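Participant: Taken in sequence, the protein lines are chains A and B.
Note that the first sequence covers residues 338 to 455 in the working numbering.
Note that the second sequence covers residues 480 to 623 in the working numbering.
Some clues are possibly wrong.
To be verified - Taking lysine to aspartate or glutamate and the DMTMM-like style, the derived pairs with C-alpha atoms no more than 25 Å apart in a straight line are:
| id | chain 1 | residue 1 | chain 2 | residue 2 |
| --- | --- | --- | --- | --- |
| 1 | A | K405 | A | D376 |
| 2 | A | K425 | B | E584 |
| 3 | A | K405 | B | E579 |
| 4 | A | K425 | B | D572 |
| 5 | A | K420 | B | E512 |
| 6 | A | K405 | A | E349 |
| 7 | A | K425 | B | D513 |
| 8 | A | K420 | A | D443 |
| 9 | A | K405 | B | D516 |
| 10 | A | K420 | B | E579 |
| 11 | A | K425 | B | E608 |
| 12 | A | K405 | B | D574 |
| 13 | A | K420 | B | D609 |
| 14 | A | K425 | B | E512 |
| 15 | A | K425 | A | D443 |
| 16 | A | K425 | A | D376 |
| 17 | A | K420 | A | E354 |
| 18 | A | K425 | B | D609 |
Hints listed in this document are in silico derivations from the structure and should not be mistaken for laboratory results.
Just so it is clear, the structure is predicted and the values come from calculations on it, not from any experiment.
Okay, here's what each chain looks like letter by letter:
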Amino acid sequence: MELSLATRTVGEHTVLEVGGEVDVYTAPRLRERLLELIDGGARHVVVDLGRVDFLDSTGLGVLVGALKRLRSAGGSFALVCDKEPLLKIFRITALDQVFPLHPTVDAAIGADPAGADA
Amino acid sequence: MATVRLSFSPAPVHVRTARLVGVAVARRAGVREDLLDEVRLAIGEACTRAVALHRQYGVPDPVLVEMSDSGAYAVRVIDRAPIEAGIGLAALDADQLANESLTDEALTTGVGFALLAGFVEDLQVRPVEDGVGTEVRMVWPVGR
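Isolated chain A, as found in the complex (with noise of 0.2 Å):
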């Protein structure tokens, strides 16, 4: 399936809702909207992978790069997931020491600080 892209804001919070497959090919369309979205002025962003079905080395690399961007600009960053073959992508790599991991979007939002001035 294409990747698709979708934006939602949730009080202080940007919400990317990603669906189909993150791979090589499609990776540097997540990367430019993650930078439209923080170039625009987003400062604490959300990426839901509810509907993502692949997601490759070059895809969670795109998302590495954008918790980056955002903690050095003050920001943050966190991941919705809930679905145990991308799960264990994140163990096998050791990233879910890297990135705020939530099954919902609600709990990634109410995790923030940012979330709760919202």
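Assemble the complex: chain A is given as a structure, and chain B must be docked to it using the hints.
Facilitator: Only chain B this time, still in chain A's reference frame:
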């Protein structure tokens, strides 16, 4: 002997095709259904790595994927990039991954290797027997 052989020009758009073919042949060979996600990911990572090396070194030759199902399901992904580029693979720990100075390329390479090593029990990365390049060989059991 390879039952299916696929060669593709080193472009990211073709990696998905290689994954689809690799999983279709795995299913046909009798690889357990619950392993197919891992087969798909591992073949994708091996092909992504090969495409990245070809592009990095300006190698226009195709990437070769050979799938064989004699006894087990064996997949070989063969690149034609200089050997010193391909063998030195290492997984990164959480501190290294979060380090600001790590380049995107190094991160993706490290994560890709962690996925290969984590998902493929029987994995070998070695120089090709003839000419320049490396071969990533992955084997999965077939049958019940």
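Participant: Each hint needs a verdict: does it hold in this structure or not?
Facilitator: For each hint, the structure was consulted:
no., hint, in the structure
1, A:K405 <-> A:D376, "14 Å, holds"
2, A:K425 <-> B:E584, "22 Å, holds"
3, A:K405 <-> B:E579, "7 Å, holds"
4, A:K425 <-> B:D572, "16 Å, holds"
5, A:K420 <-> B:E512, "17 Å, holds"
6, A:K405 <-> A:E349, "19 Å, holds"
7, A:K425 <-> B:D513, "13 Å, holds"
8, A:K420 <-> A:D443, "16 Å, holds"
9, A:K405 <-> B:D516, "29 Å, violated"
10, A:K420 <-> B:E579, "28 Å, violated"
11, A:K425 <-> B:E608, "34 Å, violated"
12, A:K405 <-> B:D574, "13 Å, holds"
13, A:K420 <-> B:D609, "43 Å, violated"
14, A:K425 <-> B:E512, "17 Å, holds"
15, A:K425 <-> A:D443, "22 Å, holds"
16, A:K425 <-> A:D376, "31 Å, violated"
17, A:K420 <-> A:E354, "15 Å, holds"
18, A:K425 <-> B:D609, "37 Å, violated"
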